[in-house]
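Asks: The primary structure of each chain is shown beneath.
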Amino acid sequence: MSTVAPQRSPLLARVNIPLLAGVLLLLVLGSMVLAVGLGPVSVPPGEVAGILARHLFGGGGAPGRYDFIVWELRAPRVVEGAFVGAGLAVAGVLTQAMTRNPLGDPYVLGLSSGAAVGAVLVITTIGSAVLGLVTLPAAAFAGALLAATGVFLLARAGGRASPGRMVMAGIALAQLLSGVVSFLLLRTKNPEAQQQVLFWLLGSLAGAQWPLTLACMVLVGVLLVLSAAGAGRLNLLVLGDDGAAALGLHAARFRLLLLVVVTLLTGTVVAVSGSIGFVGLVVPNLSRLLVGADHRRSLPVSALLGALVLVWADTAARLVLAPTELPIGILTAAVGVPVFLFVLRRSSAGVVGLS
Amino acid sequence: MRTAHSSPKPRRLAALVLVAGLSLSACAGESATPAAAPSSGMDMGGKKAGHGAPPACPPLPRLDAPPKRIVTMDGGAAAILTELGLGDRIVGTAAPDFFAAFPPEKKAVLDRIPVLDPGQGNAEKVIDARPDLVVGISTYSFGGFDGTPTVDRLAQAGAKTLAACKPSGGPVKDLSVTTKFVTDAAKVLGVAEQGEQLAARIQSAVDSAKGAGGAPVRTLVVSRAPAAGQPVVTQGGTSLATGAITLAGGKNIAEDTTTDFASLSAEELVARDPQAIVVLSGFAPESDADLVAAVRASPVLAGSTAVRENRVVVVPQSILLSPSVLNGQAVATIAAALRKTAT
Numbered sequence: 001m002s003t004v005a006p007q008r009s010p011l012l013a014r015v016n017i018p019l020l021a022g023v024l025l026l027l028v029l030g031s032m033v034l035a036v037g038l039g040p041v042s043v044p045p046g047e048v049a050g051i052l053a054r055h056l057f058g059g060g061g062a063p064g065r066y067d068f069i070v071w072e073l074r075a076p077r078v079v080e081g082a083f084v085g086a087g088l089a090v091a092g093v094l095t096q097a098m099t100r101n102p103l104g105d106p107y108v109l110g111l112s113s114g115a116a117v118g119a120v121l122v123i124t125t126i127g128s129a130v131l132g133l134v135t136l137p138a139a140a141f142a143g144a145l146l147a148a149t150g151v152f153l154l155a156r157a158g159g160r161a162s163p164g165r166m167v168m169a170g171i172a173l174a175q176l177l178s179g180v181v182s183f184l185l186l187r188t189k190n191p192e193a194q195q196q197v198l199f200w201l202l203g204s205l206a207g208a209q210w211p212l213t214l215a216c217m218v219l220v221g222v223l224l225v226l227s228a229a230g231a232g233r234l235n236l237l238v239l240g241d242d243g244a245a246a247l248g249l250h251a252a253r254f255r256l257l258l259l260v261v262v263t264l265l266t267g268t269v270v271a272v273s274g275s276i277g278f279v280g281l282v283v284p285n286l287s288r289l290l291v292g293a294d295h296r297r298s299l300p301v302s303a304l305l306g307a308l309v310l311v312w313a314d315t316a317a318r319l320v321l322a323p324t325e326l327p328i329g330i331l332t333a334a335v336g337v338p339v340f341l342f343v344l345r346r347s348s349a350g351v352v353g354l355s
Numbered sequence: 001m002r003t004a005h006s007s008p009k010p011r012r013l014a015a016l017v018l019v020a021g022l023s024l025s026a027c028a029g030e031s032a033t034p035a036a037a038p039s040s041g042m043d044m045g046g047k048k049a050g051h052g053a054p055p056a057c058p059p060l061p062r063l064d065a066p067p068k069r070i071v072t073m074d075g076g077a078a079a080i081l082t083e084l085g086l087g088d089r090i091v092g093t094a095a096p097d098f099f100a101a102f103p104p105e106k107k108a109v110l111d112r113i114p115v116l117d118p119g120q121g122n123a124e125k126v127i128d129a130r131p132d133l134v135v136g137i138s139t140y141s142f143g144g145f146d147g148t149p150t151v152d153r154l155a156q157a158g159a160k161t162l163a164a165c166k167p168s169g170g171p172v173k174d175l176s177v178t179t180k181f182v183t184d185a186a187k188v189l190g191v192a193e194q195g196e197q198l199a200a201r202i203q204s205a206v207d208s209a210k211g212a213g214g215a216p217v218r219t220l221v222v223s224r225a226p227a228a229g230q231p232v233v234t235q236g237g238t239s240l241a242t243g244a245i246t247l248a249g250g251k252n253i254a255e256d257t258t259t260d261f262a263s264l265s266a267e268e269l270v271a272r273d274p275q276a277i278v279v280l281s282g283f284a285p286e287s288d289a290d291l292v293a294a295v296r297a298s299p300v301l302a303g304s305t306a307v308r309e310n311r312v313v314v315v316p317q318s319i320l321l322s323p324s325v326l327n328g329q330a331v332a333t334i335a336a337a338l339r340k341t342a343t
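As given, the protein sequences belong to chains A and B, one line each in that order.
Our numbering applies: residue 1 is where the first sequence begins, and numbers increase by one.
Our numbering applies: residue 1 is where the second sequence begins, and numbers increase by one.
Mixed in with the good hints, there may be bad ones.
Stretch-level coverage of chain A by chain B, calculated; a stretch enters the list once three of its residues show a Cβ under 8 Å from a Cβ in chain B [to be verified]: (1) 36-42; (2) 67-75.
DEER-style ranges, computed between Cβ atoms [stated by the list, open to error]: (3) A:Leu153 to B:Pro299: 40 to 50 Å; (4) B:Glu105 to A:Leu34: 46 to 56 Å; (5) A:Gly64 to B:Ala289: 46 to 56 Å.
Keep in mind that the hints were calculated from the coordinates and are not lab data.
Keep in mind that this is a model prediction, so the values were computed, not measured.
We treat Cβ as the ideally placed atom computed from N, Cα and C, and that holds for glycine.
Generate the whole structure from the sequences, applying the supplied hints.
Replies: Rendered as structure tokens:
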């Protein structure tokens, strides 16, 4: 006689998603305000609130002693962290649906490596200032786009790209592109360029400034809305091409569209923050453990959890050894893994299915 | 002259080497970008975009009045300003580990400077000190991915920037970078005469320590024992160490590389057979004795002329790789080792 372990539903399966999203959004906003108040320099909470109020809602008075630290150093960094986290998490959700593989993320498809190659190539050859502010983001996006095109073409068989081949092609391409980055790094003798390249390898929010933060907000915001609008069709895609076709979805075409969106998301966030791992892989799985595999539920939760993880990871990166900063990659894992493992243990025997 | 970069700090160098797995230069190099404007991560003036970009050498700042609140990004800069008689204007420093190489009485004076950050110089900490001038012995003191302030960030916060810079081009042959930084800094700070005097003192120390002539001694610089099977990371031709070795009567065996850090294969190292080894302290956690023992025991170096003839000397990285009041001492230490007869 065989026994079957009872299937437990996701931890928050019955929670109304708009309600949960609202709570998470409040949590993200609250965390952002808290994060702006925390740093190597102690700033009284009242002072932080006053500075934020003055800049957000206007008001008189000359900038105080902490104005620059709070508004110019911390605030853009925290906002950028939230959008980068949300962008990476949603890019992970889309990639996992596209490849029908819970281990999928932009790194697996070679997109992050492509973005890094684009940026590093510019840094080590013509310089990062040729087109001004948009030079590196444009190069990173172009690199991600080329990598995406490469993956798509390499994965094509019989006129369409299968999910399995996409993963294989992506991993192979990512390895190749990582080699290209190392080669470019070795070839350049310009220490300034080497230092910049290091940023792409490690990832950091330390250089955040308002103009690119705002550009990142707008681009990621639009892409998140588009992704959320297509969440229902993601549910069809994970059924497989035949299943999707039976329900009226042209899987190959939709997969191509997803590739474009993931490329845009990855290019945008990598351009402003470098390569930050973990979020795109783990946060979508965490969301599914919490609210189930329905993308209409898991996608908004992923975006908000991604924002939450990165805001706190960056805050921890600034505080753990303050005033020395830690690479954010260490902290994304330190913040995210315990939560993920906790939820995994509480969930139904580690089932992280996509459908 | 004021074009490229100057020397880095140990932690950042360690990060460069560790993370990239390469010998990455963070010191002088070939980038010859006279920075008419500040540059940084997301520079809005179209000069640079991208995080973590260290600035090209900033121009000498023009100060309307002598600075009253100076922050130094490292102990080396703090020591130079103190020697110029400006110690009382330093409101804080980062990287005080540079003080370790100074004799006790001078170190005691330097230790009185408030430490803002034992590490690289966190942007918040630096700006919170409300400096009107921030000084560093390296352009890499500014705008790293590890949270140091960029030159334009400092400008936005109302602080000017002064950094030591090295000329671009071939191998470094002397320590003019140091004397130039000292005199430039002194002029900017309104103490030109003291600057000339300090530069003369440093030059005099260098001159009195110079090698006695003869064939240059083939010299290798390492900061840790070479790991088996891995290339040896050493100082290249544009490192300030090359200048000190040349003055001491040696020849850096990696002088032909046009970077600060060079990577030599084990085969190449054996072929170049160093006659002397300069071991940099301050990077590795081991004691000097343990470091030297490890270097001597390294398979790739154990058979070298340097080890066989016992010409292995320890020099603090803080006085060899970057402008320092003690650069002359570094030359003297190396020169004494090079002159040593085989034992």
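Asks: Out of the numbered hints, which ones does the structure contradict?
Replies: Those not satisfied: there are none.
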